[in-house]
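Colleague: Single-letter residue listing:
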Amino acid sequence: MKKVINLTINGSPYEVEVEPNLTLNALLRDRLGLTGTKISCAEGECGVCTVLIDGKPMLSCSMLAVAANGTDIITIEGLAENGELHKIQKKFIELGAIQCGYCSPGMMLAVKALLDENPNPTRDDVKKAIGGNLCRCTGYVKIVDAALAAAKA
Amino acid sequence: MFRTLKPFEYLEPKSLEEATGALSKYGTEAKVYAAGVDLVPRMRRRVIQPKCIINIQNVEELDDVIAGNGDGVRIGTLASKRSIEISDIIKEKYFVLHEAIANIVSIQVKTQGTAVGNLCVATPASDVAPALYVLDAKLNVFGPSGQRLIPIDEFYLGVGKTVLEPNEIITEILLPAPAPNTGGAFKKLVRSAEDIAKVNAAASITMEKGVCKDVRIALGSVAPTVVRAKKAEEVLRGKKIDQKLIEKAAKVAADEVTPISDLRSTADYRKETSAVLVKRILAKAIERANG
Numbered sequence: 003m004k005k006v007i008n009l010t011i012n013g014s015p016y017e018v019e020v021e022p023n024l025t026l027n028a029l030l031r032d033r034l035g036l037t038g039t040k041i042s043c044a045e046g047e048c049g050v051c052t053v054l055i056d057g058k059p060m061l062s063c064s065m066l067a068v069a070a071n072g073t074d075i076i077t078i079e080g081l082a083e084n085g086e087l088h089k090i091q092k093k094f095i096e097l098g099a100i101q102c103g104y105c106s107p108g109m110m111l112a113v114k115a116l117l118d119e120n121p122n123p124t125r126d127d128v129k130k131a132i133g134g135n136l137c138r139c140t141g142y143v144k145i146v147d148a149a150l151a152a153a154k155a
Numbered sequence: 014m015f016r017t018l019k020p021f022e023y024l025e026p027k028s029l030e031e032a033t034g035a036l037s038k039y040g041t042e043a044k045v046y047a048a049g050v051d052l053v054p055r056m057r058r059r060v061i062q063p064k065c066i067i068n069i070q071n072v073e074e075l076d077d078v079i080a081g082n083g084d085g086v087r088i089g090t091l092a093s094k095r096s097i098e099i100s101d102i103i104k105e106k107y108f109v110l111h112e113a114i115a116n117i118v119s120i121q122v123k124t125q126g127t128a129v130g131n132l133c134v135a136t137p138a139s140d141v142a143p144a145l146y147v148l149d150a151k152l153n154v155f156g157p158s159g160q161r162l163i164p165i166d167e168f169y170l171g172v173g174k175t176v177l178e179p180n181e182i183i184t185e186i187l188l189p190a191p192a193p194n195t196g197g198a199f200k201k202l203v204r205s206a207e208d209i210a211k212v213n214a215a216a217s218i219t220m221e222k223g224v225c226k227d228v229r230i231a232l233g234s235v236a237p238t239v240v241r242a243k244k245a246e247e248v249l250r251g252k253k254i255d256q257k258l259i260e261k262a263a264k265v266a267a268d269e270v271t272p273i274s275d276l277r278s279t280a281d282y283r284k285e286t287s288a289v290l291v292k293r294i295l296a297k298a299i300e301r302a303n304g
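Residue numbers (our numbering), protein chains in the order written: chain F, 3 to 155; chain L, 14 to 304.
No lab work stands behind these hints, which were simulated from the structure alone. As the structure is a computational prediction, the values presented were derived from the model and not from experiment. Check the hints yourself; a few may be wrong.
Straight line, CA to CA, 20 Å or less: simulated EDC-like cross-link-like pairs of lysine to aspartate or glutamate [stated by the list, open to error]:
hint, chain 1, residue 1, chain 2, residue 2
1, L, K44, F, D147
2, F, K4, L, E74
3, L, K19, F, D147
4, F, K129, L, D208
5, L, K27, L, D84
Listed below are several chain F residues computed to face chain L (Cβ distance under 8 Å; list not exhaustive) [as the list claims (entries may be wrong)]:
hint, residue
6, N8
7, E21
8, G49
9, G57
10, K58
11, M65
12, G80
13, A82
14, N84
15, G85
16, L87
17, A112
Glycine included, C-beta positions come from ideal geometry on N, C-alpha and C.
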């Protein structure tokens with residue numbers, strides 16, 4: 003049986019009718035066209051599906067859309083403001099931290115959650131914050147550099 | 014890989030009575046949903062195909078509060094592992110639990126997933142469970158016949174199996190007050206940091222003038238359920254502690270585990286490293302107890 007849920011996504015209110023077996027990831031990507039949020043392992047291991055729910059990094063692949071009713075969600079599409087990229091996005095581009103790009107949305111949202119909580123992180127803090135995000139280009143050094151540069155920007 | 018989940022009936026009970034009523038109706042065909050972090054991937058892989066999902070996030074009596082409870086602490090069923098990790102009272106009084114969760118690398122998994130959910134999955138590789146064993150935790154459980162308390166070391170029956178009836182719900186974790194001069198430590202061995210444990214171990218020890226007043230040692234991933242190394246504890250309890258005795262206890266602990274060989278390790282490796290881990294966590298726990 004379908005259920006109507008109300009969400010705020012990237013600052014805009016949404017009222018959508020969902021089947022209970024729809025994951026939040028499928029809602030974002032397939033229904034709402036917000037394909038910036040990726041899907042890869044679909045088991046909660048890789049972190050590419052990360053979105054911020056009420057400010058906290060969570061796995062959209064491992065959550066039912068219906069259970070996200072009433073939450074405030076930020077996806078990678080919601081990071082830029084007034085047509086200008088967020089400082090995290092700018093630094094990822096400037097410092098070559100966007101490689102194949104597939105982990106980048108989840109990675110940047112994990113960094114956003116960190117900087118919201120701790121504006122002056124150490125290198126170790128950044129590594130811990132992205133512990134749940136795998137980069138198969140294995141270019142973590144530039145990602146950590148970009149996160150630290152964004153903190154200082 | 015299946016991208017979609019098979020259809021199921023979905024309920025959002027507002028009270029424990031409603032939730033356990035639904036669980037009584039569906040029995041083993043129902044699964045409780047607290048955060049989805051374990052449940053949803055298993056449903057996607059068709060490991061389980063529940064007919065009914067019961068989301069307990071809106072149950073009025075359940076909460077995510079971590080707070081003092083008499084001399085001890087209670088952790089609400091909906092508390093995330095991350096909120097437990099960063100809780101001041103947990104860091105201050107139950108450091109071993111903080112340390113166990115701090116060693117789980119995925120912030121997302123910790124932020125979304127609950128500690129109680131982790132216990133209910135009943136994986137032998139849980140990092141939370143050995144820490145709760147050495148803290149002498151109790152689980153408060155609600156069912157159709159009312160409330161009951163289950164000591165953590167009576168909770169597990171086997172891989173994926175617990176003493177919870179299909180229509181019972183854990184409502185909180187209760188931790189007793191630690192005795193003065195108590196220290197704890199947790200360590201695990203992993204293939205790579207984000208993987209589950211090959212072997213993990215937790216200890217809590219109470220010291221008085223160099224003598225071990227009380228001690229608890231628990232190991233994970235080395236048997237179908239968490240193992241309390243009670244014989245190793247007996248080696249230490251009431252004795253003046255020195256390095257030789259720690260090493261003896263570590264060897265005895267390794268004899269108490271019954272590991273298997275699998276893709277992560279061989280049984281022999283797990284047995285040998287159990288002794289190494291126990292030796293190291295005991296040293297650390299004693300240092301913290303004395304500190």
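Colleague: All hints, please: hold or fail.
Modeller: Okay, the hints, checked on the actual structure:
1. L:K44 with F:D147: violated, 43 Å
2. F:K4 with L:E74: violated, 26 Å
3. L:K19 with F:D147: violated, 42 Å
4. F:K129 with L:D208: It holds: about 16 Å lies between the C-alpha atoms, which stays within 20 Å.
5. L:K27 with L:D84: Violated, because 31 Å separates the two Cα atoms, which is more than 20 Å.
6. N8: Since the shortest Cβ distance to chain L is 14 Å, the answer is violated.
7. E21: holds, 7 Å
8. G49: Interface hint status for G49 of chain F: holds (6 Å vs cutoff 8 Å).
9. G57: violated, 10 Å
10. K58: holds, 5 Å
11. M65: With Cβ-Cβ at 5 Å, under 8 Å, it holds.
12. G80: Result: violated, 17 Å to nearest chain L Cβ.
13. A82: violated, 22 Å
14. N84: This interface hint is violated because 29 Å lies over the 8 Å limit.
15. G85: Nearest chain L Cβ about 29 Å off; hint violated.
16. L87: Violated. Min distance 23 Å.
17. A112: This interface hint holds because 7 Å falls under the 8 Å limit.
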